[in-house]
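Got chain A sorted already, so can you dock chain B onto it with the hints?
Residue numbers (the working numbering), protein chains in the order written: chain A, 1 to 308; chain B, 1 to 308.
If you are wondering where the hints come from, they were derived from the structure by calculation, not from laboratory data. Be a bit skeptical, because a hint or two may be false.
[What the hints assert, rightly or not] Some but not every residue of chain A turned toward chain B, in silico, with C-beta under 10 Å:
| id | residue |
| --- | --- |
| 1 | Lys28 |
| 2 | Pro53 |
| 3 | Pro63 |
| 4 | Lys175 |
| 5 | Lys186 |
| 6 | Thr194 |
| 7 | Asn197 |
| 8 | Thr217 |
| 9 | Lys221 |
| 10 | Val292 |
[Claimed, not checked] Computed far set for chain A versus chain B, every beta-carbon distance over 10 Å:
| id | residue |
| --- | --- |
| 11 | Ile9 |
| 12 | Phe23 |
| 13 | Leu25 |
| 14 | Lys26 |
| 15 | Glu68 |
| 16 | Ile85 |
| 17 | Met90 |
| 18 | Lys94 |
| 19 | Lys109 |
| 20 | Leu116 |
| 21 | Lys150 |
| 22 | Ile165 |
| 23 | Glu169 |
| 24 | Tyr258 |
| 25 | Arg262 |
| 26 | Ser267 |
Ideal placement from N, C-alpha and C gives every residue a C-beta, glycine not left out.
Protein chains: 2
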Amino acid sequence: MGDYLEEIIDKVKQMDFKDSIDFSLKFKNIVIFGMGGSGIAGKIFQDLFTKFPVISIDSYEFPQYIDENTLFISISYSGNTEETIRATDMAIKKGAKVWAITSGGELSKMVKNVILIPKGLQPRSSIGYLLNPLLLGSGLADDDSLKEAKENIEKLNREHEEMKIIADEIYYGNKIPAIFGFPPYKYVAYRLKTQFNENSKILAYWSYFPELNHNDTMPLKSTYRKELFYFIALTYPNINEIYLKRLKITSEICDFNYKEVRAMGESLASQIYTSIHQGDLISYYLAKRRGVDPRDVNIIEELKRRLS
Amino acid sequence: MGDYLEEIIDKVKQMDFKDSIDFSLKFKNIVIFGMGGSGIAGKIFQDLFTKFPVISIDSYEFPQYIDENTLFISISYSGNTEETIRATDMAIKKGAKVWAITSGGELSKMVKNVILIPKGLQPRSSIGYLLNPLLLGSGLADDDSLKEAKENIEKLNREHEEMKIIADEIYYGNKIPAIFGFPPYKYVAYRLKTQFNENSKILAYWSYFPELNHNDTMPLKSTYRKELFYFIALTYPNINEIYLKRLKITSEICDFNYKEVRAMGESLASQIYTSIHQGDLISYYLAKRRGVDPRDVNIIEELKRRLS
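Next up, chain A with everything else stripped away, as it sits in the complex (with noise of 0.2 Å):
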């Protein structure tokens, strides 16, 4: 398959990786710290776990009620992010119980607790070795879970017309991707926004049910430049039904057409995964036939040296 797609294909690699962060600690919150691609994880994660408070956060402003009974989990897949350093550092000296994911750099010296990933990947494409570790320590994923996460990802590898058909959609049609997502994993439509911004260099819109039929469903019907707009559901199998007859009736009161991309499995470890690499797949073939390069994030980088 060659190029970026061995990084996206990765994913079935990634399946096994079980390391994994210690929640049998003792702590009242959790805060999990990353940006971008990195910072997805917790994202993601924040929705999933309910058991305590998990708040995921990706800005200079650091909360007060971080202490020692905070589990503080910081995730940058290069290790040299700064606003993360710079939140890690705080977290430290406030006496939180700071854990890292991470494939090195900086991060990788100033936390004891560290769950090392493999180098070499795009931080976005080394999504389970950032997912895993949280998934697994805190028992919403095991063996068996990720087992069929992998089965389904290697299915998805051997079938996949339907995402090169929407990809083939979006570039034709010289479309805006909309992406509505459904709780508990709103956080996965995020991602596909994400990946259209970097792989297929495209911005694109995002939005959730039931929250989105506050507000974005009143333009839905009528708004001017409609017409540009390419709407993606990810579904998922046992979603609440409520979600769906929501999903129904703004489109038919609205009149929009949406492609439903619906997530593979049982389990949530499959469920997240699969719909993840839906997306992957669909940013992969939009970005080749825009004939842009998925892995370049050269403009990332250029700011990143200008603001150092």
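The following block gives chain B in isolation, referenced to the frame of chain A:
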């Protein structure tokens, strides 16, 4: 000024609303439940108050950790929002310390501690009634800062030519608004997105610094259809210099223009409310230009009927 503008400038009066939630209760975390125009108060507050973990929720998923150590604040202008009633019922059963902010409805009957607010507005027009009880109760606002907010809102009411110009530029350029927010006020940018949706009946895009530098930045230079977007940056006085530097460098590297709309005043309350007010005015004038009724949300109402 007439019509819906009366609702928008009702904010002046709302700055005198001093009922507040009792934050002296014993709790370990705060959960704020609310959808759409009601929920926005919780979303904004969650990034401002950091003495305790604050989690804003807008879905059917109900976190396990909610118990007697949770201050559960339920916000629904009508008091009859389906999602909110359902979640509040569960919070009561779990023994949480439940408060409600509402103008009546079912919610005012099921909860003992109710902040009762005036009827007759659209939820999105009652932002002061919804947010003041949180800001005052938590100590993030006081009489002085609400006085500053009020004076600056009045100043804006007298003079806001800039907001009309922005609405005109969006309208005559047939643009899609893309709003950039900055922590800790990023949800004010989200609020403006939803105001474009409900008032102006157009889709809009929002994102925030520094997170957007890790994804949106990539396509900003070379996305197809970039010319469609009208970029608005919602800044504020005493903003962290690093944010302005990021904004400037991003626009230089990516070669796009943006309109900076700067909040007014020194206090958090004044900045939040003037920034919201500026956006409300822009979305109002855009509705007028488009010849749509900014008050009308008939599609959302129809959806609710068909769901029930």
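Hints, one by one, checked against the model:
1. Lys28: Cβ of Lys28/A sits 6 Å from chain B, so the hint holds.
2. Pro53: For Pro53/A, the interface hint holds, since the closest Cβ of chain B sits about 4 Å away, which is under 10 Å.
3. Pro63: 4 Å, holds
4. Lys175: 9 Å, holds
5. Lys186: Holds, because the Cβ-Cβ distance from Lys186/A to chain B comes to roughly 8 Å (cut-off 10 Å).
6. Thr194: Check passed: Cβ of Thr194/A comes within 4 Å of chain B, closer than 10 Å.
7. Asn197: 4 Å, holds
8. Thr217: 6 Å, holds
9. Lys221: 6 Å, holds
10. Val292: 8 Å, holds
11. Ile9: Consistent with the label, Ile9/A stays out of reach of chain B, its closest Cβ about 22 Å off (over 10 Å).
12. Phe23: 13 Å, holds
13. Leu25: 16 Å, holds
14. Lys26: Lys26/A clear of chain B: closest Cβ-Cβ about 14 Å, beyond 10 Å.
15. Glu68: 14 Å, holds
16. Ile85: 13 Å, holds
17. Met90: 12 Å, holds
18. Lys94: Nearest chain B Cβ is 12 Å from Lys94/A, so the label holds.
19. Lys109: Fine: 22 Å to the nearest Cβ keeps Lys109/A off the interface.
20. Leu116: Check passes; 22 Å lies beyond 10 Å.
21. Lys150: 26 Å, holds
22. Ile165: 19 Å, holds
23. Glu169: 14 Å, holds
24. Tyr258: The claim stands: Tyr258/A keeps its Cβ more than 10 Å from every Cβ of chain B (closest is about 14 Å).
25. Arg262: 19 Å, holds
26. Ser267: Non-interface label on Ser267/A holds, nearest chain B Cβ at 17 Å vs cutoff 10 Å.
The structure meets every hint from the earlier list without exception.
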